[in-house]
Amino acid sequence: MRFLHLVLRSLLRSRRRTVLTVLSLAVSVMLVAILQSVLFTLDSFAHNPNASNRIAVRHKVSITNLIPYRYIEWLRQQPEVDAVMGLQWFGGVYQDPKNFFPNFAADPEPITRVFKEELVEYSEAQFKDFVRDRNSCIAGHALMEKYGWKVGDVITLKGTIFPMDARLTIRGTWRSRRGTDEQALYFHWKLVEERFPSLKGKIGNFWVRAKNPDDVPRLIERIDRHFADAVEPTHSETENAFQLAFLKMMGDYASMIHAITAAVLVAILIVTANTMAMAIRERATEIAVFRAMGFTGTQVLGLLMVEGLLLTVAGGGTGLLLSFGMAGAVRQTAGTFLPYLADFTIAPETLLLCAHATMVLGILSTFIPAYRAVRRPIVEGLRAL
Amino acid sequence: MSGNPIITCRSVAKSYWRGELEIPVLQGLDLEIPRGGYYALMGPSGSGKTTLLNLIAGIDRPSGGELTVCGSDLASLDDDELAGWRAAHVGFIFQNYNLVPVLNAYENVELPLLLTDMGRRERRARVEEALALVSLTDRMFNYPRQLSGGQEQRVAIARAIVSDPDLLVADEPTGALDAKNAEEVLALMERLNREMGKTILMVTHDPKAAHHARIQIHLEKGVLDKTVERHDPTHHDLAPLPPNDPRDGD
Chain H
1 MRFLHLVLRS
11 LLRSRRRTVL
21 TVLSLAVSVM
31 LVAILQSVLF
41 TLDSFAHNPN
51 ASNRIAVRHK
61 VSITNLIPYR
71 YIEWLRQQPE
81 VDAVMGLQWF
91 GGVYQDPKNF
101 FPNFAADPEP
111 ITRVFKEELV
121 EYSEAQFKDF
131 VRDRNSCIAG
141 HALMEKYGWK
151 VGDVITLKGT
161 IFPMDARLTI
171 RGTWRSRRGT
181 DEQALYFHWK
191 LVEERFPSLK
201 GKIGNFWVRA
211 KNPDDVPRLI
221 ERIDRHFADA
231 VEPTHSETEN
241 AFQLAFLKMM
251 GDYASMIHAI
261 TAAVLVAILI
271 VTANTMAMAI
281 RERATEIAVF
291 RAMGFTGTQV
301 LGLLMVEGLL
311 LTVAGGGTGL
321 LLSFGMAGAV
331 RQTAGTFLPY
341 LADFTIAPET
351 LLLCAHATMV
361 LGILSTFIPA
371 YRAVRRPIVE
381 GLRAL
Chain Z
1 MSGNPIITCR
11 SVAKSYWRGE
21 LEIPVLQGLD
31 LEIPRGGYYA
41 LMGPSGSGKT
51 TLLNLIAGID
61 RPSGGELTVC
71 GSDLASLDDD
81 ELAGWRAAHV
91 GFIFQNYNLV
101 PVLNAYENVE
111 LPLLLTDMGR
121 RERRARVEEA
131 LALVSLTDRM
141 FNYPRQLSGG
151 QEQRVAIARA
161 IVSDPDLLVA
171 DEPTGALDAK
181 NAEEVLALME
191 RLNREMGKTI
201 LMVTHDPKAA
211 HHARIQIHLE
221 KGVLDKTVER
231 HDPTHHDLAP
241 LPPNDPRDGD
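These protein sequence lines map, in sequence, to chains H and Z.
The first sequence: position 48 = 48 (this note's numbering), numbered continuously.
The second sequence: position 16 = 16 (this note's numbering), numbered continuously.
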């Protein structure tokens, strides 16, 4: 502690340079934190523990091909199956294309059983109204709040995949544990099917809920084997695998994010190393004087390393604080058109990653110039005016 | 020279290498300096005076010979031991003062004490005492940029003596000062030698500065050329020396 004032004074020797370095570090760390949090959020969406007993069944050829609705009868008969529902991504927008949220045309009755973990709090009476009224829908609480909807309101969803306007009466809502799970809207598949005769007897997916998560692999294998020789064969996978495949449609986002993160870290390492090298080089004589007075090489190296670490920790800390502010902005902006990001936050894992990255940056950027300065003979340092 | 030398050089040699080329700077130099002496090292550029000073101060290592300073064979000490030895025995006074610009006078003087196990209160007393000795108590919290050259050098002297070293080494201590400040600094060094018994070894080009020393050692091409002793201690209006002053035995 008796050397702390030396370190702090040295840090503030060139205030402008220190402030600029801290700011450049802060912006970079904020960028890394945001990017890694996006990755973490998307990954957590595809690793939902609540989905462990749910299976998505789709056409073997592609996610856009429809499968016969009659398959539902065979699926329901399987002893391991708890509930099955037909589900079709509708992709409608409300009033304006930017008002995008997940909306599905589905079988109304099994929703509360299939998504038991997500639909935590709801009114049985409201859901009965929804089942009875073919022109109705249910919407998550967060979505209702976002658009100021109330039960009984009539809204129109403009189809982007199916060329139709769905005019729907909101019959009910639900609350969930996560805001993301309150962002969806469900209405009757029959409404779409009736509008387009070519869709009669078909649907995009079946969502199967197994009684036991242990039954899921066996069930997946049996479903696909059973329909393997059908005209419309199936491809079944866990809900998490399905979500991951859906996310992959955006491209290999994980590699992209990792590549950008690595590029940012390398860039800031070079900037910080350059700053520290300059700061240390211009103090060559001072370092020699310290050593002449009796400071050992290790002591001087320690002082310089603490200085470098404090600089990077100040930058990293500021960056993380900024990233929390940015997370709110991401929720408000990207969260509206990418519902995956509606619950966007800086996860503890990301905080830890950024803290470690900052420390490593501090050590790497300082050690080499500090070590070289300390190894320099004292008499050379004293001549370096 | 004396039965109790603080510095003993036996056949001390020092060479530098420029690529394949060996450049000898000191060539088998023998020298003894008694405790409490005030010596000026003189000679033309390249004569090896600063090299000799650096070797004696333990910030450089000889290529050959034996060098014993303050009772330690410097060749036998590793880098960390040598650093500890310097902290305990040597105070440095540089031509350009070399104060730390981001520390005030007090903090600059305190620096060598941070290496000791002294508490804050004791350090404070020592620093105040050192600054009082160089008459800079009123400038204690001024930063180097707020001091004149002479004041900076006096702070540097306070820093050199604060840990009470046996040996003060000064490399052109008045080289960057005007005549008046140079005279003040030299008078101060003479006082440290006379009143506190500090052994002083000073490199200088300036015959006036050298004249303050009791003995001038002239080097020429890395070997001892001649020594000149000053006989008149009152030459610089000094107070009479105490009877047991170490210089009496020189």
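Bear in mind the hints are in silico, worked out from the structure with no lab data behind them.
Check the hints yourself; a few may be wrong.
For the chain Z half of the interface with chain H, some residues (derived, Cβ under 8 Å), not all of them [what the hints assert, rightly or not]: (1) Ile59; (2) Asn98; (3) Leu103.
Footprint (simulated), chain Z over chain H, 3 or more residues, beta carbon under 8 Å [to be verified]: (4) 205-218; (5) 356-367.
These numbers come from a predicted model, not from an experiment.
Idealized CB from N, CA, C, for every residue including glycine.
These are the hints, each one checked on the structure:
At a threshold of 8 Å, the smallest CB-CB gap from Ile59 of chain Z to chain H is about 4 Å, leaving the interface hint in force. A cut of 8 Å between beta carbons decides the hint on Asn98 of chain Z: the least distance to chain H is about 5 Å, and the hint holds. Among the interface hints, the one on Leu103 of chain Z holds; its C-beta lies about 6 Å from the nearest C-beta in chain H, closer than the 8 Å criterion. Only residues whose beta carbon comes within less than 8 Å of a beta carbon in chain Z count, and the region 205-218 of chain H has 0; fewer than three means the coverage is violated.
A count of 0 residues in the region 356-367 of chain H with a Cβ less than 8 Å from any Cβ of chain Z is obtained; the coverage claim is therefore unmet, three being the minimum.
Hint violations for this structure: numbers 4, 5, all remaining hints satisfied.
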